[in-house]
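Colleague: From first to last, the protein sequence lines stand for chains F and R. Read in numbering that gives the first Met the number 0, the first sequence has 129 at position 130, and its numbers run on one by one without any break. Read in numbering that gives the first Met the number 0, the second sequence has 200 at position 201, and its numbers run on one by one without any break.
For the record, the hints were derived by calculation from the structure and aren't laboratory data. A few of these clues could be false.
[To be verified] As a list, the in silico SDA-like pairs of lysine to any residue whose alpha-carbon atoms are at most 25 Å apart:
id, chain 1, residue 1, chain 2, residue 2
1, F, Lys152, F, Pro118
2, F, Lys152, R, Gln128
3, F, Lys64, F, Ala86
4, F, Lys145, F, Ala94
5, F, Lys137, F, Leu125
6, F, Lys35, R, Tyr41
7, R, Lys76, R, Val141
8, F, Lys35, R, Asp122
9, F, Lys161, F, Lys137
10, F, Lys64, R, Asp122
11, F, Lys64, R, Ala93
12, F, Lys152, R, Gln23
[Unchecked claim] Quick look at which bits of chain R chain F covers, simulated, 3 or more residues with Cβ under 8 Å:
id, stretch
13, 71-77
14, 86-97
15, 138-150
16, 156-170
17, 189-202
Being a predicted model, the structure only gives us computed values, none of them experimental. For each residue, glycine too, the CB sits at the ideal point set by N, CA and C.
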Amino acid sequence: MKKAIFAVTLILGLAGVAWGQTPHQHAAVTVIDGSKNPELVPDSTAYRLVLLDLSFADNPSDEDKRRQAAHFRDVGLTPSEAIQFSAVLAEFRSAYNAWIARWNIAAEAADGKGVVFDPAPFLQQLEDLIQATRNTLKQNSTVDLKVAGYVQKHKANIQIHKGAAQ
Amino acid sequence: MKILKFLFVSLGLLLSTGAAAQAQCGRPIPQYTTYHSESGSYTQNGGFVFYSTASTSGYTSGMTGCAPGVLHTLNAKNLLTEAHSGRTVGGWRAGTPGCPSCQISASNTESTSVANGENWSEDDEWNGQCSIFGAFWGGVGVTFGIHIGINTFILESWDTHNCYYIQFCPNGNSAASCPAATFVDTDGMQAIPACNTLNYAIAYSLVVGGLCFPVGITIFSSVPAICQ
Chain F
0 MKKAIFAVTL
10 ILGLAGVAWG
20 QTPHQHAAVT
30 VIDGSKNPEL
40 VPDSTAYRLV
50 LLDLSFADNP
60 SDEDKRRQAA
70 HFRDVGLTPS
80 EAIQFSAVLA
90 EFRSAYNAWI
100 ARWNIAAEAA
110 DGKGVVFDPA
120 PFLQQLEDLI
130 QATRNTLKQN
140 STVDLKVAGY
150 VQKHKANIQI
160 HKGAAQ
Chain R
0 MKILKFLFVS
10 LGLLLSTGAA
20 AQAQCGRPIP
30 QYTTYHSESG
40 SYTQNGGFVF
50 YSTASTSGYT
60 SGMTGCAPGV
70 LHTLNAKNLL
80 TEAHSGRTVG
90 GWRAGTPGCP
100 SCQISASNTE
110 STSVANGENW
120 SEDDEWNGQC
130 SIFGAFWGGV
140 GVTFGIHIGI
150 NTFILESWDT
160 HNCYYIQFCP
170 NGNSAASCPA
180 ATFVDTDGMQ
190 AIPACNTLNY
200 AIAYSLVVGG
210 LCFPVGITIF
220 SSVPAICQ
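Extracted from the complex, chain F is given alone in its bound form (with noise of 0.2 Å):
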């Protein structure tokens, strides 16, 4: 009898020890590496991460100022440039994170119901904000194309993970 509960409790406590891992297993990803291939980063994708790097988040800093004024040095502004890329990049941060909001509310409300979340008409109305803001800026033809150049060259820092089900 003795031996029979101390066998059950064994394979309890092993049972509980199985249970408890997670295998350490990652899904399939294919990686685009901008320093490699950057003709692979769409337009988009670079236009939508230079342009939240150099635009503030809220209260920014007066280090936040230094860093965004050194980086317009490197796109090459000048000052009444500058004041206008500013400009730009305010009303594309506040209209960004009014679409992470709108996101992550149907994402959270997919995720809670246990049911798949369709991201397309939202990576669609990314695009268009990503579109709505690089014609706004074609309107300073100057500032298009110092901006431009600097997305460019800046491709070769980005890398794209893209995961698939395996």
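Fit chain R to the known structure of chain F by using the hints.
Modeller: Same frame as chain F, now just chain R:
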């Protein structure tokens, strides 16, 4: 005997429930981008500041049928290290957790002063953590060097507005990390002192991964600087 029966029933329930939970909750499939950016500027006290950001953002698909409350977190590493002193700045920074299908991000901005002769490296890395599956994604890290580039020019001619220079490195023009054959000090003749009173122009850059970032400063001097 009753105890034995109870234990066997418990074991059966435990194993079947666990297997069902694992079978229903799909593994996360990452849809992430990573980005890093660098820049630098000259400070009023004569030093240089290097700014760098490592960021990642995106969402996962595939995690249907999971229990409510699963959270994902993205982490971004941005570690700056000075080769000679071993001084380090930065490290890992976590973003705000969110649901598996949510858009989440992590951004890690660091800055450090860079002195002449220092050799810094930037080491960036990214990963994703799931509250039930643990680490499920890791971005390929990137590492590159950072140092101050100096190029010296000698005055060749001037007119009523500008001074015109050609590259002149005392240690050989090939020593300059950011070479340029010529330099023009536009409207330098209007400056005090006028540009034709000093023979040398010394241009500074931050060199990041072999790329030159002009930091917006050129110093005029009566003696040339060693190029690097």
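Colleague: None of the hints should be skipped; say for each whether it holds.
Modeller: Tested hints:
no.: 1; hint: F:Lys152 - F:Pro118; result: violated, 29 Å
no.: 2; hint: F:Lys152 - R:Gln128; result: violated, 31 Å
no.: 3; hint: F:Lys64 - F:Ala86; result: holds, 14 Å
no.: 4; hint: F:Lys145 - F:Ala94; result: holds, 23 Å
no.: 5; hint: F:Lys137 - F:Leu125; result: holds, 18 Å
no.: 6; hint: F:Lys35 - R:Tyr41; result: violated, 31 Å
no.: 7; hint: R:Lys76 - R:Val141; result: holds, 10 Å
no.: 8; hint: F:Lys35 - R:Asp122; result: holds, 18 Å
no.: 9; hint: F:Lys161 - F:Lys137; result: violated, 31 Å
no.: 10; hint: F:Lys64 - R:Asp122; result: holds, 24 Å
no.: 11; hint: F:Lys64 - R:Ala93; result: holds, 23 Å
no.: 12; hint: F:Lys152 - R:Gln23; result: violated, 44 Å
no.: 13; hint: 71-77; result: violated (count 0)
no.: 14; hint: 86-97; result: violated (count 1)
no.: 15; hint: 138-150; result: holds (count 3)
no.: 16; hint: 156-170; result: violated (count 0)
no.: 17; hint: 189-202; result: violated (count 0)
Of the hints listed earlier, those the structure fails to meet are numbers 1, 2, 6, 9, 12, 13, 14, 16, 17, in rising order.
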